Amino acid sequence: MMGQMMTWLRDPNPASRMQARLGQYYLGWLRLRRNPLAVVGLTIVLALLAMAALAPVLATHDPFAQDLGRRLLPPLTPGNWLGTDDFGRDIWTRIVFGARITLYIVALVAITAPVLGLLVGTVAGYFGGVVDLILMRITDIFLAFPRLILALALVSVLGPGIENAVLAIALTAWPPYARVARAETLTVRGADYIAAVRLQGAGSGRIILGHVIPMCLPSVIIRVTLDMAGVILIAAGLGFLGLGVQPPLPEWGLMISSGRKFLFEQWWVATIPGLAIFIVSLGFNLLGDGLRDVLDPRSSGK
Amino acid sequence: MTLLSVKDLKVTFNTEAGVVEAVRGVSFSLGRERLGIVGESGSGKTMTGRSVLRLIRPPGHIEASEMLFDGIDLMAASEREMRALRGQRIAMVMQDPKYSLNPVMKIGAQLTEGLRLRDKVDKATALAKAIEALEAVQIRDPERVMESYPHELSGGMGQRVMIAMMLIPNPDLLIADEPTSALDVTVQAEVLSILDALVRNRGMGLIFISHDLRLVARFCDRVLVMYKGRVVEELAAKNLMQAQHPYTQGLLNCLPRIGGSRAPLPGLDRTAAWAE
Amino acid sequence: MSLIEIENLSVTYHVGGHDVRAVEGVSLSVAARESYGLVGESGSGKSTILRAICGLAPVSGGTIRIGGEPVGAHRSKAFAARVQMVFQDPYASIHPRHTLDRTLSEPLAIHRLGDTDARVVRALTDVGLPPAFRFRYPHQLSGGQRQRVAIARALMLEPEILLLDEPTSALDASVQAETLNLLNRLREERGLTFLMVSHDLAVIDHMCDRVLVMQHGHAAEELTREALAGAQMQTDYARTLFNASADRMLEA
Chain W
0 MMGQMMTWLR DPNPASRMQA RLGQYYLGWL RLRRNPLAVV GLTIVLALLA
50 MAALAPVLAT HDPFAQDLGR RLLPPLTPGN WLGTDDFGRD IWTRIVFGAR
100 ITLYIVALVA ITAPVLGLLV GTVAGYFGGV VDLILMRITD IFLAFPRLIL
150 ALALVSVLGP GIENAVLAIA LTAWPPYARV ARAETLTVRG ADYIAAVRLQ
200 GAGSGRIILG HVIPMCLPSV IIRVTLDMAG VILIAAGLGF LGLGVQPPLP
250 EWGLMISSGR KFLFEQWWVA TIPGLAIFIV SLGFNLLGDG LRDVLDPRSS
300 GK
Chain Z
0 MTLLSVKDLK VTFNTEAGVV EAVRGVSFSL GRERLGIVGE SGSGKTMTGR
50 SVLRLIRPPG HIEASEMLFD GIDLMAASER EMRALRGQRI AMVMQDPKYS
100 LNPVMKIGAQ LTEGLRLRDK VDKATALAKA IEALEAVQIR DPERVMESYP
150 HELSGGMGQR VMIAMMLIPN PDLLIADEPT SALDVTVQAE VLSILDALVR
200 NRGMGLIFIS HDLRLVARFC DRVLVMYKGR VVEELAAKNL MQAQHPYTQG
250 LLNCLPRIGG SRAPLPGLDR TAAWAE
Chain A
0 MSLIEIENLS VTYHVGGHDV RAVEGVSLSV AARESYGLVG ESGSGKSTIL
50 RAICGLAPVS GGTIRIGGEP VGAHRSKAFA ARVQMVFQDP YASIHPRHTL
100 DRTLSEPLAI HRLGDTDARV VRALTDVGLP PAFRFRYPHQ LSGGQRQRVA
150 IARALMLEPE ILLLDEPTSA LDASVQAETL NLLNRLREER GLTFLMVSHD
200 LAVIDHMCDR VLVMQHGHAA EELTREALAG AQMQTDYART LFNASADRML
250 EA
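Residue numbers (numbering that gives the first Met the number 0), protein chains in the order written: chain W, 0 to 301; chain Z, 0 to 275; chain A, 0 to 251.
Since the hints were made in silico from the structure, they are not lab data.
Bear in mind that the values here come from a model prediction, so they are computed numbers and not experimental data.
Built from N, CA and C at the ideal position, the CB exists for glycine as well.
Accuracy of the hints is not assured; some may be wrong.
[Said to hold, decoys possible] No more than 20 Å apart at the CA atoms, straight line, and that leaves these computed lysine to any residue pairs for SDA-like: (1) Z:227 / A:140; (2) Z:227 / A:139; (3) A:76 / W:274; (4) Z:227 / A:143; (5) A:76 / W:206; (6) Z:227 / A:144; (7) A:76 / W:204; (8) A:76 / W:194; (9) A:76 / W:203; (10) Z:227 / A:141; (11) A:76 / W:202.
[As the list claims (entries may be wrong)] Part of the chain A face toward chain W, derived, beta carbon under 10 Å: (12) 7; (13) 57; (14) 76; (15) 78; (16) 80; (17) 96; (18) 97; (19) 100; (20) 127; (21) 133; (22) 135; (23) 136; (24) 152; (25) 153; (26) 239; (27) 241.
Whole structure, please, built from the sequences with the hints as guidance.
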């Protein structure tokens, strides 16, 4: 069965679009597999996904249930293997449910910012001239501010909350994608295959969406995975400052913030969510590095 | 006298798609003469040339039962010894000068760099030598060329500079890999005759790698015809038209000729047996 | 009446504040079903003429008429259906992330032509590629096979005129022979008009009825096939080119 599947995927003459695409994915997977660190990254990201999906099963407590009699218990206490926080809530449970919030933020940012960036970048790069000038100066304005500061300003205008935090992060995250997409578009724009499709009478919309964006996509995807660590950190930072997710939601940054008060006596309250952020950021970074080898058009293709 | 002798050279690439044998048992020897290696893309001609300098990157791997250059065993030589050979005694000219010259360094600096660093020659002598080398490749105003950057030169000029640079250390063997393919036909002829004169006058060995049988026939003494990693025929260049092997004949016949017939050009029906 | 008429064409690029005159005052006319060649060395402006015809290079003077109608600043879909181009480098002219199916069906989608499946399969067989290649990616093909795909793509809209920009210079000699044979066969079958650019006089001679020798953006000399074969050129440059042509080397 498995062998059959493999030969089907490696068929040099695929019988359908679907098979051709899956075959390419399979080759990509083979390349990714050669890089052990990328596999580690992928495993971490998959574990995060599983954790979020199975949160009610994995959790040992209710994430909001307070038990002031059992507050600030150290890790490896029977019943609370990662200990409890200042309200006696189980830290493991809150980490598990916090994975959902982290993923929610990451997913929303990953959907919005790169799409906006891609559109701005490819349109600017493809048309050039005045369009390019205007779009890129707007991009520069956004790039001129440190991301966290800009996100802070936006959140303080919009009001704290998880949706506003996502919006703020997305609005500060798109400019680099626009730059990457524009750079890629500039190299692609003059290519013969773009000239060929233009000669066939294709309009600009069709060329950008169907022919330019597929070439920019790999670098943007790599960039997104590498940026995910930053997004998690900014979300955590906003949570830490009380401007993102609001208590009592178990967001990791917020958990660090509340554990700060006990850092010297009860180190685990802040350290464990910190470790979670660290591991997930590392996972995304490793995966991004690996994807670079798989997706980069300069390394594949031949 | 034999300058280079290669026996049973094999180059293999271990890729994710499996083992690719780029060169499969090539043997030849070379005196102070001009040897042409001809073949189509994928025939292994470039790999053969690069193997002599051991310039094959992993996952590529070189094997040979013998590879001797002037008594030096190239297979056993250390990387350090190879570095001493490369450029000094065996030089290589590549297809496109654009990729072989440093784009942010003036030509003069590139020409004298080796002399000054390796041979510890003083500045004035190095400059004089560089100008002499440029004059040897018939560059009329060497002083101006010395002061220019590679992008300011035309393709033919760039390739002459490359040849000049390779010839400064006075190597015994020059490997030219498609040295004129990127050039216009009229320039091509000029560059080739310069190369030809230099090789003759200095008594060097030349390995001329090309896809163009006609060029090779004109500028070499002997020709090796390669197909899929093997030598299918070896013959004196002047006897090219009497080639025996159907592949060589096919390569000659499939080219259109001025004033030739309009009938479909004869194709090459590649018999699998040739590759064996 | 000629199908392609070019009068006094000039193309000027603006590069870094300088004006680069790629083509200056070139006139030529190609009759329907004729095969016309442009030959010259790099920088002679031969490819620029093709690019100017299809709107990829800025025309700064002169007129281009296709079938008597002057072409304007923008090329319409109707123009695309009449004139198509095959590019020099088959590694650069086919979208690396599209399957052949996508590459070949794109022109049909742009022009809202139906019957995609049958047309794509027919196009592949017409250029001598097995239909099983349909869902391959370009990197799974050799250079010659890619150039066949590029030719198939150019013929998808059933144009009258094919502009050929050094279609075989990136290919091996034997593959060049196959590609030239294919082009000649298609021209015969479909009554195409060729305007072909090459640096190789022998290729032009094999393919074309008349040839314009170009140098530094100017037309140097127009030669018929007979004049070329008989070495009856008037200008020195055409003669230099003729003598440097590779197929003369065997005789020399």
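Verification of the hints:
1. Using a Cα cut-off of 20 Å, the hinted pair residue 227 of chain Z and residue 140 of chain A holds, with the two alpha carbons roughly 17 Å apart.
2. Of the supplied pair hints, the one linking residue 227 of chain Z and residue 139 of chain A holds, its CA atoms being roughly 18 Å apart against a limit of 20 Å.
3. For the hint linking residue 76 of chain A to residue 274 of chain W, the alpha-carbon distance of about 59 Å lies beyond 20 Å, and the restraint is violated.
4. With a CA separation close to 17 Å, the supplied pair residue 227 of chain Z and residue 143 of chain A stays within the 20 Å bound.
5. Restraint check: the Cα-Cα separation between residue 76 of chain A and residue 206 of chain W comes to about 15 Å, which is no more than 20 Å; the hinted pair holds.
6. A distance of roughly 18 Å separates the Cα atoms of residue 227 of chain Z and residue 144 of chain A; the hinted pair therefore holds under the 20 Å criterion.
7. This hinted pair checks out: residue 76 of chain A and residue 204 of chain W have alpha carbons roughly 15 Å apart, not beyond 20 Å.
8. For the proposed pair residue 76 of chain A and residue 194 of chain W, the alpha carbon gap of about 14 Å is at most 20 Å, so the pair holds.
9. Only pairs whose Cα atoms come within 20 Å are accepted, and residue 76 of chain A paired with residue 203 of chain W is accepted, the gap being roughly 13 Å.
10. At most 20 Å may separate the alpha-carbon atoms for a hinted pair to count; residue 227 of chain Z and residue 141 of chain A meet this at roughly 15 Å.
11. Pair hint residue 76 of chain A plus residue 202 of chain W holds up; C-alpha atoms about 10 Å apart against a cutoff of 20 Å.
12. The interface hint given for residue 7 of chain A is broken, as the beta carbon of that residue sits about 24 Å from the closest beta carbon of chain W, more than 10 Å.
13. About 14 Å separates the beta-carbon of residue 57 of chain A from the nearest beta-carbon of chain W, more than 10 Å, and the hint is not met.
14. Interface restraint check for residue 76 of chain A: the shortest CB-CB distance to chain W comes to about 4 Å, inside 10 Å, so the restraint holds.
15. Residue-level restraint check for residue 78 of chain A holds (minimum Cβ-Cβ distance to chain W is 8 Å; threshold 10 Å).
16. Given hint, residue 80 of chain A at the interface with chain W, holds; its Cβ is 8 Å from that chain's nearest Cβ, closer than 10 Å.
17. About 5 Å separates the beta-carbon of residue 96 of chain A from the nearest beta-carbon of chain W, less than 10 Å, and the hint is met.
18. For residue 97 of chain A, the suggested interface contact is upheld, since its CB lies about 8 Å from the closest CB of chain W, less than 10 Å.
19. Given hint, residue 100 of chain A at the interface with chain W, holds; its Cβ is 7 Å from that chain's nearest Cβ, closer than 10 Å.
20. Hint status for residue 127 of chain A relative to chain W: violated, with the closest Cβ pair at about 16 Å, above 10 Å.
21. Hint status for residue 133 of chain A relative to chain W: holds, with the closest Cβ pair at about 8 Å, below 10 Å.
22. For the restraint placing residue 135 of chain A at the interface with chain W, the shortest Cβ-Cβ distance is roughly 7 Å, inside the 10 Å limit, so the hint holds.
23. Below 10 Å, beta-carbon pairs count as interface contacts, and residue 136 of chain A has one with chain W at about 7 Å; its hint therefore holds.
24. Hint status for residue 152 of chain A relative to chain W: holds, with the closest Cβ pair at about 7 Å, below 10 Å.
25. For residue 153 of chain A, the suggested interface contact is upheld, since its CB lies about 8 Å from the closest CB of chain W, less than 10 Å.
26. Interface restraint check for residue 239 of chain A: the shortest CB-CB distance to chain W comes to about 30 Å, outside 10 Å, so the restraint is violated.
27. At about 30 Å, the closest approach between the beta carbon of residue 241 of chain A and any beta carbon in chain W exceeds 10 Å, and the interface hint on this residue is violated.
Checked against the numbered hints listed earlier, the structure breaks hints 3, 12, 13, 20, 26 and 27; every other hint is satisfied.
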